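As given, the protein sequences belong to chains W and D, one line each in that order. Oh and the first sequence: position 11 is 11 in the working numbering, straight run, nothing missing. Heads up: take any position in the second sequence, counting from 1, add 1000, and you land on the working numbering.
It should be emphasised that the hints constitute simulated quantities derived from the structure, not laboratory data. Note that this is a predicted model, so its numbers are computed, not measured. Yeah, the Cβ is synthetic: ideal placement off N, Cα and C, and Gly gets one too. Warning: the hint list may mix true and false statements.
[Said to hold, decoys possible] Keeping only pairs whose Cα atoms sit at most 30 Å apart, straight-line, the calculated DSS-like set for lysine-lysine is:
no.	chain 1	residue 1	chain 2	residue 2
1	W	72	D	1026
2	W	72	D	1070
3	W	128	W	61
4	W	128	W	34
5	D	1026	D	1133
6	D	1070	D	1023
7	W	152	W	72
8	W	27	W	50
9	W	72	W	53
10	W	119	D	1023
11	D	1121	W	119
12	W	119	D	1026
13	W	27	W	128
14	D	1133	D	1070
15	W	184	W	50
[Unchecked claim] Partner residues aside, some chain D positions facing chain W, computed with beta carbon under 7 Å:
no.	residue
16	1099
17	1103
18	1116
[Unchecked claim] The following label-pair restraints were derived from C-beta to C-beta distances:
no.	chain 1	residue 1	chain 2	residue 2	range
19	D	1098	W	127	18 to 28 Å
20	D	1113	W	164	26 to 36 Å
21	W	53	D	1104	39 to 49 Å
22	W	77	D	1024	12 to 22 Å
23	W	77	D	1096	23 to 33 Å
24	W	77	D	1130	24 to 34 Å
25	W	79	D	1113	18 to 28 Å
26	W	155	D	1032	50 to 60 Å
Chain by chain, the residues run as shown.
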Amino acid sequence: MPRQAESAVNFITGTVPRLTEALNRQKSDLILDKLNQRADKEKIVDVEEKRVKMVIFSIHKEYFAFYGDDVKEILPLTTIYYVPGSPDYIVGVINIRGDIESVININRFLGIEDSETTKHSRIAVAQKNDIRSGMLVDSVVDVCDIPVSSVKPALSTHNKTVREFVSGELLYTDRTITLLDIGKIFARMSS
Amino acid sequence: MTVSSLDDQNIPEEIKLLTFSIKGIKMGVDTEQIDEMITADEALARQCNMIDLFEQLPFHGKSVMSGPQKVLMMKESSPLCGIAIDSPDEIISVPVNNIRPLPALALSSRGKMAVWGAFVKNEEIVLLLDLMKLPTATCGKLS
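Chain D extracted, bound-state conformation (with noise of 0.2 Å):
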């Protein structure tokens, strides 16, 4: 069996993904990275860390949203860390095939790839991002 195939048999047909918006963008994440999703509220009382999206992965000429409202836990992830969003959106499967690459121009060269890719609903683009890219190493407490 060569390499290839062992890594065909891993790549599931389908992936579930959470859709949210932050300042406006709508992104997915794998529901398989996610632990809880909490509002902020909750997370200022756990004392959670958090990851700076915005200092990873800077919003070029976006206006500073008015406030967090709720918290995606990550899984795995050590220290725990949280990322803030303004709003989940569904929870869908979006079929493997329907995934497109990140134009390589596009590719950030920070936060090691974690916008990897995108896809297409209702004409709309969703971008999609791997939270276990993103550094955790810069987590901090929610204030």
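Isolated chain W, as found in the complex (with noise of 0.2 Å):
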């Protein structure tokens, strides 16, 4: 072989693999470098902090929450068809998609003087432990994911009926929200 033709096939068998080797190495770098980036990001949601959803809703100018797995639905005000013998904190039932369900005066419950219905009025849907329910709050302020360090043991500043249903208290916007445990007061409803 000519001296000329046996170095171009000693360069060309030389730098092939030498690419080739360099492509695998660009792509298996790639490759573990998203890896890495998959798991740096993992390693972020690991530490973030674990957040819960909440309902928050007006009564009377206060501001109260329930936890938002509970409430199933936030429906407009509708017609409350009264239930003549029913608890006085029962508003009456309403017609959801052909099924009847309870509508609770929530303030009623707590001691808390009426709220006369507006146009802002909703009916928050709760179900807990088999029980299902529409709770009449005068506004629904906001449905947020909150950190779960920011829902702090309620401070004793409601009076002795609210108290009773406080699971805790967190900050929404510089306002101190009380959390109602949905689960306490239907089982006191139903007690």
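Once you've looked at the hints, go ahead and assemble the two chains, each given alone in its own frame, into the complex.
Have a look at this one:
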């Protein structure tokens, strides 16, 4: 083989594997980079604080919240049919797509003065421990996720009736919001 | 044959109801529980015994009606009793499958659950009243 041709072959046989190796390395590096990035993201998620959904609502200009998991839907005010003989805090029943659900006057149950219904009034349909009912509230202010750590033990500034059903307090736009425990409310109503 | 299948056999596919209003609340009663419907004047003349429905099932916050227009006389009650209603609406057949139980929280602790269910008619809720679950012990003369 002439010397020129031999050196050309050497060049090709030496260069192609090196190029392939470089390309492979690049590909594996890319994959590794991606894997590392994903792991980093997962690390970030791991360290990120757990959050909890809250439904914040108002009663008499005071803000309260329910755990979002306990609230199944929020309905605009609809016709409520009074049920004779039902407890004082039951406003009546409503028709939700053919099903009949009760509506609770949460003010009356908590010993708070009755509110007037307005266009902002809402019925928050809550479910806990196989009990389901609507809760008539003055307005639904927000549905939001908050860090679990921002739920603090409640200070005992509420009246005795309210205190029994409070499971904590949280800060929302510089306002202290009382977190109500639907489970406790339903348990008391059905006892 | 099991007990449940016996029970199933006893449940009709539909129930015939007399619908009426009491203080603006739409209610329905199984026609098999009604002996007859008479006017309030007739009930007075006959000195019929009446169940004070408003005592058994308090109507909170509702305005007092001007006076009963009609009286439903209950079948097989002892003593014979009637309940006053504003006005009869109609007699309708309602498929049992369309009847919904009343939500547990709305059930009365009084009146032995006399309001036992509801159904939706033209988007309106009609409450079902079981006359046999109203205590007849408090039956009194219509005044």
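Status of the hints after comparison with the structure:
no.	hint	result
1	W:72 with D:1026	holds (28 Å)
2	W:72 with D:1070	violated (43 Å)
3	W:128 with W:61	holds (26 Å)
4	W:128 with W:34	violated (43 Å)
5	D:1026 with D:1133	holds (18 Å)
6	D:1070 with D:1023	holds (13 Å)
7	W:152 with W:72	holds (24 Å)
8	W:27 with W:50	violated (36 Å)
9	W:72 with W:53	holds (12 Å)
10	W:119 with D:1023	holds (26 Å)
11	D:1121 with W:119	holds (26 Å)
12	W:119 with D:1026	holds (25 Å)
13	W:27 with W:128	violated (52 Å)
14	D:1133 with D:1070	holds (20 Å)
15	W:184 with W:50	holds (24 Å)
16	1099	violated (10 Å)
17	1103	holds (4 Å)
18	1116	violated (11 Å)
19	D:1098 with W:127: 18 to 28 Å	holds (23 Å)
20	D:1113 with W:164: 26 to 36 Å	holds (27 Å)
21	W:53 with D:1104: 39 to 49 Å	violated (26 Å)
22	W:77 with D:1024: 12 to 22 Å	holds (18 Å)
23	W:77 with D:1096: 23 to 33 Å	holds (31 Å)
24	W:77 with D:1130: 24 to 34 Å	holds (30 Å)
25	W:79 with D:1113: 18 to 28 Å	holds (24 Å)
26	W:155 with D:1032: 50 to 60 Å	holds (59 Å)
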